[in-house]
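> In case you want the letters, here they are:
There are 2 protein chains.
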Amino acid sequence: MPAGPRSRAGRRLARARSLASLRKALARLRARGERVAFVPTMGALHEGHLSLVRLARRSAERVVVSVFVNPLQFGPREDYRRYPRPLARDRALLAAERVDLVWEPGVEDVYPPGDCTRVSVDGLSEVLEGASRPGHYTGVCTVVARLLNAVQPDVLWLGQKDAQQALVLERMCRDLLLPVAVCRGPTVREEDGLALSSRNAYLSHAERQQAVALSQGLAAAWILLKEGERSAARLAAAIRREWDGYPLVREDYIAIVHPETLAPLQQVRGPALVAVAAHVGPARLIDNFPWRGR
Amino acid sequence: MPAGPRSRAGRRLARARSLASLRKALARLRARGERVAFVPTMGALHEGHLSLVRLARRSAERVVVSVFVNPLQFGPREDYRRYPRPLARDRALLAAERVDLVWEPGVEDVYPPGDCTRVSVDGLSEVLEGASRPGHYTGVCTVVARLLNAVQPDVLWLGQKDAQQALVLERMCRDLLLPVAVCRGPTVREEDGLALSSRNAYLSHAERQQAVALSQGLAAAWILLKEGERSAARLAAAIRREWDGYPLVREDYIAIVHPETLAPLQQVRGPALVAVAAHVGPARLIDNFPWRGR
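Top to bottom, those sequences are chains A and B. Numbering-wise, our numbering puts 231 at position 231 of the first sequence, and it's gapless, one number per residue. Numbering-wise, our numbering puts 314 at position 20 of the second sequence, and it's gapless, one number per residue.
Source of the hints: derived by calculation from the structure; they are not laboratory data. Check the hints yourself; a few may be wrong.
Unchecked claim - Stretch-level coverage of chain B by chain A, calculated; a stretch enters the list once three of its residues show a Cβ under 8 Å from a Cβ in chain A:
{"hint": "1", "stretch": "377-385"}
{"hint": "2", "stretch": "413-423"}
{"hint": "3", "stretch": "467-476"}
What the hints assert, rightly or not - Per the computed footprint, the stretches of chain A lying under chain B, defined by three or more beta-carbons under 8 Å from a beta-carbon of chain B, are:
{"hint": "4", "stretch": "175-189"}
{"hint": "5", "stretch": "247-259"}
Note that beta-carbon positions come from the ideal geometry of N, C-alpha and C, so glycine has one too.
For reference, chain A alone in the conformation it holds in the complex (with noise of 0.2 Å):
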């Protein structure tokens, strides 16, 4: 395992890339028994995975992170390439929060030459995201369980800001028998309320601008939810109004689902996930905000 960069605080950072050196720093941070928690990025950290990473310290006496840019989630015409790969950036910001280890794994230590598996939730991935992304979630859960098989955490977080992403991945964990707790970390926001990621670095100054339609759009609708309205319908409508002001902001869904099936809703009766998408620009930007039920 090569020496990392330090931190301010001039603290060295552990990082792995094969395989074989990531089981071995991991048989070594295991060595007393110490639980692992486990934050999977594909790096260009913000405040949002930094957030991750506390509660996944609160969470276990040892933190591992991967950043991996998985090309297999991302579409034929989407932005695998133009992805931001700020690497050194992301590993000081890494040492500064003290993470025990870093595995930056390449392409082909997670698809060996002539892989041919793949994990996949049926039913859950083929909505929301999934209507507009073919073979993301089947890209993602792929990946996912790699990651988990190789680090082998006992606790793995994930963020609600992709809140279809977490319940996907939370049902593969539970159906596959993973020996793992999945916890959810909740969503960071800019102060005019943009949800952050690592997307918003597309965004010109006049879009950055418009982008916040969608957490307000979100606030629209949670506000009319707090005064009672039910109909999934007038939700939506509220926020496609909002949306009219920002002639930036293209819808891809708005969509008002039941938060464990994704099913569509009429009425709001009891919990629901509220979530948006939209293209801004060069960017397609996802919000949500989970309704608890009254």
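Got chain A; can you put chain B on it based on the hints?
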């Protein structure tokens, strides 16, 4: 964990049914860092299974066997319901082999309510057995991934009798970065050459006598290969000629394929897998031999 039956030697067999009881028993088995070898079975045990148990015993300090007739790998018109389930006999055989732990999950222990996760190995799963049994290997991979996540063995033992299954599962373990060594045990045969199979129990006396056609056809091909024959068509023809003497044997396939890709060979220039499948009365039987290349 309930007290199990005793073998003739009076040995008690440790058994688990629920995932929780399995994990508790495994933690005890591994308390002193012992390695675990695992033999997954569908029960109806014969000397083929028991030979794997003995190989497993030599490969690790602890041997765990699962007995689970996996509904997901049976087609709708296949023999899931009538598949033999001689549980008391299986337990006695495993007790006599001094197996450390038997896992006998119920369907709901392996497939939680609402289960929707599938594991597939594309490319290897659609040919030979997969062509005759659509969805079979997705069922096999999905269950074995779960069994492996539950048992977390160091070594997995599979039989050469199901050569394609072994290949598919070896690929799955490699691709999913599962930390397990996969080993194959050789096919065990009756005196007349018939490969042991739980499905041999379906055969009438007359069918049982004719079932020898499979191994006799393979023996004919093996002799020709030894003599220098390299034409896959002529090898298949020799097997078919052999089968002509057995009117109760209906060919499903005779295949001479690459042992890693399962691609059909025209000429046998290196290693090959010679695999056959046939219906004999109510049973569908398979057999094969690996040709190492001269």
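> Take the hints in turn and mark each one as holding or not.
Hint-by-hint comparison with the structure:
1. 377-385: violated (count 0)
2. 413-423: holds (count 6)
3. 467-476: Our answer is that it holds, as 6 residues pass the Cβ test (under 8 Å) against chain A, meeting three.
4. 175-189: Coverage by chain B holds for the stretch 175-189 of chain A (5 residues, Cβ < 8 Å).
5. 247-259: violated (count 0)
In this structure, the earlier hints numbered 1, 5 are contradicted, and the remaining ones agree with it.
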